[in-house]
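Engineer: The chain contents come next:
Number of protein chains: 2
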Amino acid sequence: MDYYWDDLNVGFIDQFGPISVDREEVLAFAERYDPQPFHLSDEAAALTHFGKLAASGWHTCSMMMGAMVRHWQATPGWQEGSLGAMGIDELRWRKPVFPEDTLHGKSELIEKIASRSRPEMGIVKFRTSLTNQHGEEVLSLVSTAMRKRRPQA
Amino acid sequence: MDYYWDDLNVGFIDQFGPISVDREEVLAFAERYDPQPFHLSDEAAALTHFGKLAASGWHTCSMMMGAMVRHWQATPGWQEGSLGAMGIDELRWRKPVFPEDTLHGKSELIEKIASRSRPEMGIVKFRTSLTNQHGEEVLSLVSTAMRKRRPQA
Numbered sequence: 011m012d013y014y015w016d017d018l019n020v021g022f023i024d025q026f027g028p029i030s031v032d033r034e035e036v037l038a039f040a041e042r043y044d045p046q047p048f049h050l051s052d053e054a055a056a057l058t059h060f061g062k063l064a065a066s067g068w069h070t071c072s073m074m075m076g077a078m079v080r081h082w083q084a085t086p087g088w089q090e091g092s093l094g095a096m097g098i099d100e101l102r103w104r105k106p107v108f109p110e111d112t113l114h115g116k117s118e119l120i121e122k123i124a125s126r127s128r129p130e131m132g133i134v135k136f137r138t139s140l141t142n143q144h145g146e147e148v149l150s151l152v153s154t155a156m157r158k159r160r161p162q163a
Numbered sequence: 011m012d013y014y015w016d017d018l019n020v021g022f023i024d025q026f027g028p029i030s031v032d033r034e035e036v037l038a039f040a041e042r043y044d045p046q047p048f049h050l051s052d053e054a055a056a057l058t059h060f061g062k063l064a065a066s067g068w069h070t071c072s073m074m075m076g077a078m079v080r081h082w083q084a085t086p087g088w089q090e091g092s093l094g095a096m097g098i099d100e101l102r103w104r105k106p107v108f109p110e111d112t113l114h115g116k117s118e119l120i121e122k123i124a125s126r127s128r129p130e131m132g133i134v135k136f137r138t139s140l141t142n143q144h145g146e147e148v149l150s151l152v153s154t155a156m157r158k159r160r161p162q163a
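These protein sequences, in sequence, are chains A and B.
Terminal number for the first sequence in the working numbering: 163, no gaps in between.
Terminal number for the second sequence in the working numbering: 163, no gaps in between.
It cannot be assumed that every hint is accurate.
What the hints assert, rightly or not - Label pairs and their calculated CB-CB ranges:
no., chain 1, residue 1, chain 2, residue 2, range
1, A, 22, B, 41, 44 to 52 Å
2, B, 92, A, 162, 50 to 58 Å
3, A, 124, B, 52, 43 to 51 Å
4, A, 23, B, 14, 42 to 50 Å
5, A, 54, B, 126, 27 to 35 Å
6, B, 12, A, 124, 49 to 57 Å
7, B, 42, A, 21, 26 to 34 Å
8, B, 137, A, 94, 41 to 49 Å
9, A, 125, B, 100, 19 to 27 Å
Everything labelled a hint here was simulated from the structure, so no lab data went into it.
Even glycine gets a Cβ: it sits at the ideal position worked out from N, Cα and C.
Using the sequences and the hints, build the whole thing.
Structural biologist: Below is the structure:
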């Protein structure tokens with residue numbers, strides 16, 4: 011299957027994961043990139059609304075990206091249509107993510123925009139979310155990316 | 011100095027960093043969280059608009075967070091006023107980030123909103139950006155966070 015801009019329609023849904031959240035990795039990420047006490051120990055987290063050790067929100071984003079990229083790479087044609095990411099909107103950390111959680115990812119195409127200035131590409135917006143083993147949405151965001159148009163015969 | 015919601019005004023500017031981008035760390039982050047070829051080798055990146063090995067955009071966000079948290083922790087009173095982050099909007103990867111780059115961070119308070127339902131807290135929005143050694147803005151985003159109100163006497 012091809013995944014040019016022309017081949018994707020609003021409502022297209024893609025799924026990725028599962029992501030297993032590892033305690034040692036939560037700690038290692040936090041030590042390097044987000045050394046707030048509630049990302050480093052259960053004791054400190056117990057004093058906050060997290061209640062117990064919670065992953066950095068940026069770690070959750072990074073785990074999402076890792077699972078998504080591996081899914082793309084296992085989907086023939088997907089990467090060939092990509093022209094890169096432009097940015098993210100409406101990123102929301104809706105619930106804490108805890109060690110031993112299992113997260114499932116879903117992306118839905120919510121908007122397509124043709125480019126007037128660059129007819130060889132188009133823009134797609136996806137709403138991507140992660141849901142934990144309790145069915146709770148823990149993260150959501152809207153990404154904007156560029157994709158190749160189908161070459162004209 | 012105190013950093014309650016009441017103490018911060020629109021136009022307040024905070025600076026953090028510098029961040030030194032390390033090649034081995036760029037590779038390690040990409041292997042785990044964003045294994046796209048242009049984040050893993052100069053050769054693959056040379057075939058893209060990056061031109062040479064570029065950091066994952068999520069790695070850039072994570073490096074930003076690390077430098078910001080360390081700055082907060084070195085600023086007496088800052089963390090005591092925090093009630094956590096709600097989310098991110100308008101995240102834009104404006105230019106590639108390369109190994110050996112040096113990034114400087116800046117956050118500007120752009121909006122304050124009192125909470126009607128929770129008079130003990132208020133909302134602040136910051137525009138945060140990273141600029142490289144050439145003066146180019148490489149990353150920008152708008153964060154929304156909650157801060158404590160100053161206790162009434």
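Engineer: Hint by hint, say whether it matches the structure.
Structural biologist: Hint-by-hint comparison with the structure:
no.	hint	result
1	A:22 with B:41: 44 to 52 Å	violated, 29 Å
2	B:92 with A:162: 50 to 58 Å	holds, 54 Å
3	A:124 with B:52: 43 to 51 Å	violated, 34 Å
4	A:23 with B:14: 42 to 50 Å	holds, 44 Å
5	A:54 with B:126: 27 to 35 Å	holds, 31 Å
6	B:12 with A:124: 49 to 57 Å	holds, 51 Å
7	B:42 with A:21: 26 to 34 Å	holds, 32 Å
8	B:137 with A:94: 41 to 49 Å	violated, 23 Å
9	A:125 with B:100: 19 to 27 Å	holds, 20 Å
Checked against the numbered hints above, the structure violates hints 1, 3 and 8; every other hint is satisfied.
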